[in-house]
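So the chains spell out like this:
Number of protein chains: 2
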Amino acid sequence: MLETIFTHRSIRKYKNIVIPENVLDEILKAGSRASTTGNMQVYSIIVTKDEDLRKQLWEAHFKQDMVLEAPVHLTFCADFRRFTRWCEQRKASPGYDNFLSFFTAAIDALLASQNVVLAAESHGLGICYLGTATYMADRIVEILNLPAYVVPVACLVTGYPDEEPPLTERLPMDAIIHQEKYRDFKPEDIDRIYKEREESNETKELLEINKKETLAQIFTDNRYTKKDNLYFSKQFLKTITQQGFMNHD
Amino acid sequence: MLETIFTHRSIRKYKNIVIPENVLDEILKAGSRASTTGNMQVYSIIVTKDEDLRKQLWEAHFKQDMVLEAPVHLTFCADFRRFTRWCEQRKASPGYDNFLSFFTAAIDALLASQNVVLAAESHGLGICYLGTATYMADRIVEILNLPAYVVPVACLVTGYPDEEPPLTERLPMDAIIHQEKYRDFKPEDIDRIYKEREESNETKELLEINKKETLAQIFTDNRYTKKDNLYFSKQFLKTITQQGFMNHD
Chain W
225 MLETIFTHRS IRKYKNIVIP ENVLDEILKA GSRASTTGNM QVYSIIVTKD
275 EDLRKQLWEA HFKQDMVLEA PVHLTFCADF RRFTRWCEQR KASPGYDNFL
325 SFFTAAIDAL LASQNVVLAA ESHGLGICYL GTATYMADRI VEILNLPAYV
375 VPVACLVTGY PDEEPPLTER LPMDAIIHQE KYRDFKPEDI DRIYKEREES
425 NETKELLEIN KKETLAQIFT DNRYTKKDNL YFSKQFLKTI TQQGFMNHD
Chain B
225 MLETIFTHRS IRKYKNIVIP ENVLDEILKA GSRASTTGNM QVYSIIVTKD
275 EDLRKQLWEA HFKQDMVLEA PVHLTFCADF RRFTRWCEQR KASPGYDNFL
325 SFFTAAIDAL LASQNVVLAA ESHGLGICYL GTATYMADRI VEILNLPAYV
375 VPVACLVTGY PDEEPPLTER LPMDAIIHQE KYRDFKPEDI DRIYKEREES
425 NETKELLEIN KKETLAQIFT DNRYTKKDNL YFSKQFLKTI TQQGFMNHD
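Those protein sequence lines, which keep their order, are chains W and B.
Position one of the first sequence corresponds to residue 225 (the numbering used here), numbered consecutively onward.
Position one of the second sequence corresponds to residue 225 (the numbering used here), numbered consecutively onward.
Think of the hints as simulated: they come from the structure by calculation, not from any bench.
From a predicted model like this one, the values you see are computed outputs, not experimental measurements.
The reader is advised that the hints may include incorrect statements.
Calculated cross-link-like contacts (lysine to aspartate or glutamate; reagent style EDC-like; alpha-carbon spacing at most 20 Å) [unchecked claim]: (1) W:K451 / B:E293; (2) W:K451 / W:E432; (3) B:K436 / W:E312; (4) W:K419 / W:E404; (5) W:K253 / B:E312; (6) B:K405 / W:D362; (7) B:K419 / B:E404; (8) W:K239 / W:E388; (9) W:K253 / B:E393; (10) B:K462 / B:D445; (11) B:K273 / W:D398; (12) B:K315 / W:E423; (13) B:K419 / W:E312; (14) W:K315 / B:D413; (15) W:K253 / B:E227; (16) B:K279 / B:E293; (17) W:K458 / B:D473; (18) B:K239 / B:E227; (19) B:K253 / W:E227; (20) B:K451 / W:E312; (21) B:K405 / W:E429; (22) B:K410 / B:D398; (23) B:K237 / B:D386; (24) W:K419 / W:E429; (25) B:K273 / W:E404; (26) W:K315 / B:E423; (27) B:K287 / B:D274; (28) W:K436 / B:E312; (29) B:K410 / B:E420; (30) W:K435 / B:E312.
Isolated chain W (complex conformation) (with noise of 0.2 Å):
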């Protein structure tokens, strides 16, 4: 188990190779034992092979390699449809329909996703999670036909690795663990945890290439604009409110 937590880096090259139906049954039975609230199980996995499917997902995840060579698609959904349908059948009101019960599938979809990823790590895959999930949801709902009460809040791509990249660095463990309450950061915290990477010949490179002063830059005037972050987050919204999860009344 630890071993595979250890070593899990995400892979961006496949091999043309199918993943067995038993192993990938067990690899999604691995992400239904994870916590969920209230054992609702308020979640669900799409499983996309189809290669058209997977050629308008690779559309929407921006066009990246991995989606169109990698064999399985799988879409994590925060998921009240099937508890609220069961609700209606058995005389009863369903009140899931708000930010909250998103939020909450939403956690069961995530915990699910990453027993998924350790179970399917420790079969020899590997697995790269496509951050454009959240970005693209509205196109995603219309390609995988998602009803009310469903988003997508994770997609993953896996299959047998044909590369093996190094372990990608972590900072510092201060940098993210807290004891007893929060501690906030002083400059000098800032400029210690952040040393390491920024003095790598990784960030030298980079800022040559992109004509920048700091590794900061790259990331808010490149990689995660103000701009885009605004126009996508907008529209994670409108369809979290169009899947119906915004009546507040």
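Guided by the hints, dock chain B onto chain W, whose structure is given.
For chain B alone, coordinates are given in the frame of chain W:
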């Protein structure tokens, strides 16, 4: 790995035994190996052991005994604080005060939390997620001094188990798995999916105790009511807004 996943159950009774520091360090480090958007690591984990703080958290979590019993309380936060500070200190203009950034950070936090859970369990620890984390986010913000751009999205307690509960029954896999696209549920699908659970002795006892006609009514009338969902939904949105994640102009 797979055995740990397939034997997970929530633990609600704990032994009065301290978790060794090296074990705690390793399970937190396991959290840091989870996938994170753009390697930004936009989450934090607050490790609370102090008895007075845990008592305050226990009150926030609807006074569930396990919060007092377990020696460690972990709070997983969506956190753009450190990243925003870094940008500001490096002549970069951060644009992470929006809902998409909150949700991106929440995903980071939740994937890390599930890694921590599985690492803890592989060390013989038990865990229990606390659904009250989002209901009472405003109170947790106060207790743990969370600054702007930090919102709690999951809490859990951990310690050595003092019980060995049976595995929780899950619905049949086709309740959560959809092949290729979403296949909406027909009334007979709902009947079939919930049949075993509805016919169990546990359900029969619950119906008698609660004087209800259907299991679904126990969820809608007692456990997760529309009134509570609406109240806590508005509260949670208020907290997300107050912490600075709803600036969309």
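Unmet hints by their number, sorted upward, for this structure: 1, 2, 4, 5, 7, 10, 18, 21
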